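Starting from the structure of chain A, add chain B where the hints point.
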Amino acid sequence: MWLVTPISITKIAVFNSMIHQDELATAAPAGCLNDSTADDFTAAEADVRRGLPAQEEQSKANYSSPVSAWHRDVLGHNACRILETIAMRIFMLSWEYPPRIIGGLARHAEGLSKALASLGHEVHVVTLDFPGAPYEEAEAPLYVHRVAVDLPAPTFHTWVLLFNHFFEKRVGQLAKKYGSPDIVHVHDWLTVPAGVASKHLMRVPLVMTFHSMESLRSSSSRSPESAMVGGLEWWGSYEAAKVIAVSEWMKLEVVSQFKVPPSKVAEIPNAVDMAKFEKTVDVEATRMKWNVQPGEKLITAVGRLTSQKGFDYLIRALAGVQKSIPDSKLLVVGDGYMRGELEALAKSEGVAARTTFTGFLNEGDLVDAIKSSDMLAVPSRFEPFGIIALEAMAAGVPVVVSRVGGLAEIVEDDVDGLVMDPNSPHSIAKATIRLLSDRALASRLAARAKEKVKAYTWEHSAAKTLEVYEAAIGEARYE
Amino acid sequence: MSELPKRILSSLMVMGAQSPDRAMSIDDLADKLGMGRNAVVSGLKSLIDAGYAKLIGESGTSAVYLTATGIITASSSYS
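Quick note, the sequences are listed as chains A and B, same order.
Residue numbering for the first sequence follows our numbering, beginning at 1 and increasing consecutively.
Residue numbering for the second sequence follows our numbering, beginning at 1 and increasing consecutively.
You may find that some hints are simply not true.
[To be verified] Partial list, computed: chain A residues near chain B (C-beta under 7 Å):
#, residue
1, 159
2, 340
3, 343
4, 360
[As the list claims (entries may be wrong)] For lysine-lysine, the following DSBU-like pairs were computed, each having C-alpha atoms within a straight-line distance of at most 35 Å:
#, chain 1, residue 1, chain 2, residue 2
5, A, 169, A, 323
6, A, 289, B, 54
7, A, 347, B, 54
8, B, 6, A, 169
Rather than coming from a laboratory, the hints here were simulated on the basis of the structure.
What you are looking at is a predicted structure, and each value in this text was computed from that prediction instead of being measured.
Ideal Cβ positions, reconstructed from N, Cα and C, are used throughout, including at glycine.
Bound conformation, chain A alone (with noise of 0.2 Å):
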């Protein structure tokens, strides 16, 4: 552990800030550790990704400490010594980092392990590798270790607890190069099994955040499996020194679900990278990219083609709304099993003409179709925390929310965007008119709501985590 003084470890960036520029000069003191075999690491991590014998040599021996070169060189001297007693080693355990994005799972651990990162803290983030995305990402103090599952799985559960496994034996490879963590932090049931084992095996501190639970996603579903990710999910919660909840109404469900005492839960709710959204935008080449003709009124959703996103109250309400608004259009970002399904939805509503499926788009794709919107639609059934309705925050795009979960933490009511009933194609109907049909409204709202955005940083996030991280190490236990 590397915490041995008292110091508050959010204090960082206020002593970063304090730092004199004669000491960036300084010449790199004995006690700040380098990572020049980091390159080394990577080109083994090919063999070790194959089944071949880890090398020997990978010692942690040069990697005892959290401080690496990148501290000394911004640094100097005198800050690199007083980081070392309190930067943390954080391993961040996530079935999905960008490039591979499911959900907002994935902006999460980017924000928050960029975040802690900038805090000086070394953060390793265990992930599942994806096409064209490198096994090994070193942007010192942060790495990215993205995983391999070379064996084959019967389901998709089955499949999730093997690599588990393989993040496991990443977890022990990181741990004999960089020493021990800190922390290891695991976000929802699928990275459960690896966060225990590493706890228990290195007797380090485990927090566990919830972005969702089984028993919402499968509220009808008493099958073997969804029984299995409920069971996860209250292991990690008990094993877990501190869980994160990332709202109010989340962390109310953990409570109650698993019976975890509150003063264990925090809520740190997600955060937005407002930088990304500054970027001009053509909108009229974004719009006539989509089919949408000068005068037209866009409504963009975002989010997985599943149930819970409530993508087909919309469609049955864009129907309602081209009765007002005839020159609306509704534009669909993302994928899923269920896009057949809303596809056949939209021409049996009669909007077909009017929808545009877009699948999947890239990061600067989708923050191009947000900011060339009229407004953006969250409609979903359930919504732990709904971070696409902040990134539409950040852009300066109003926002029309279902009143679920962390969605009515965020949006108020007709002040900084408008809420309406969930599961409801009138409610959802009503609220979209209101917004197309008043520019002065759209124009207060997104102005308020830009405002309110600001707030929600990941800077912020990873400050709070940071307390939460310091609660964990004090209170741990390994029975």
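Structure of chain B alone, referenced to chain A:
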């Protein structure tokens, strides 16, 4: 998505067919799924048309793997 393509999509992911070098032969896929080759080919067609899967190799020895979009779609029940 109907059940057959959904099952094939999920199977390709959990069996590791996620890149051209890890593509799975259609015969092997049919064997793993316990289904006839023709049924698998029929289910695969909609996945390929949707951009979720790609076919490589000559007819008779062809193999299939998931595209990036296919992997994300196969994982889309959770996030």
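Can the restraint linking residue 347 (chain A) and residue 54 (chain B) be considered satisfied, given a maximum Cα separation of 35 Å? Holds, at about 28 Å.
Proposed interface contact between residue 343 (chain A) and chain B, which counts if any beta carbon pair is under 7 Å: This hint is violated: residue 343 (chain A) lies away from chain B, its Cβ roughly 10 Å from the closest one there, beyond 7 Å.
Minimum beta-carbon distance criterion (7 Å), residue 159 (chain A) to chain B: holds (4 Å)
Do the numbers back the hint for residue 340 (chain A), that is, is its least Cβ distance to chain B under 7 Å? holds (5 Å)
Residue 360 (chain A) as chain B interface residue, shortest Cβ-Cβ below 7 Å: holds (6 Å)
Would you mind confirming whether the straight-line C-alpha gap from residue 289 (chain A) to residue 54 (chain B) stays at or under 35 Å? Distance ~26 Å between residue 289 (chain A) and residue 54 (chain B) Cα, so the pair holds.
Within 35 Å, alpha carbon to alpha carbon, are residue 6 (chain B) and residue 169 (chain A)? Cα-Cα ~31 Å, so holds.
Residue 169 (chain A) paired with residue 323 (chain A) [C-alpha distance capped at 35 Å]: With a Cα-Cα distance of about 58 Å, the restraint between residue 169 (chain A) and residue 323 (chain A) is violated, given a limit of 35 Å.
Checked against the numbered hints given earlier, the structure breaks hints 3, 5 and satisfies all the rest.
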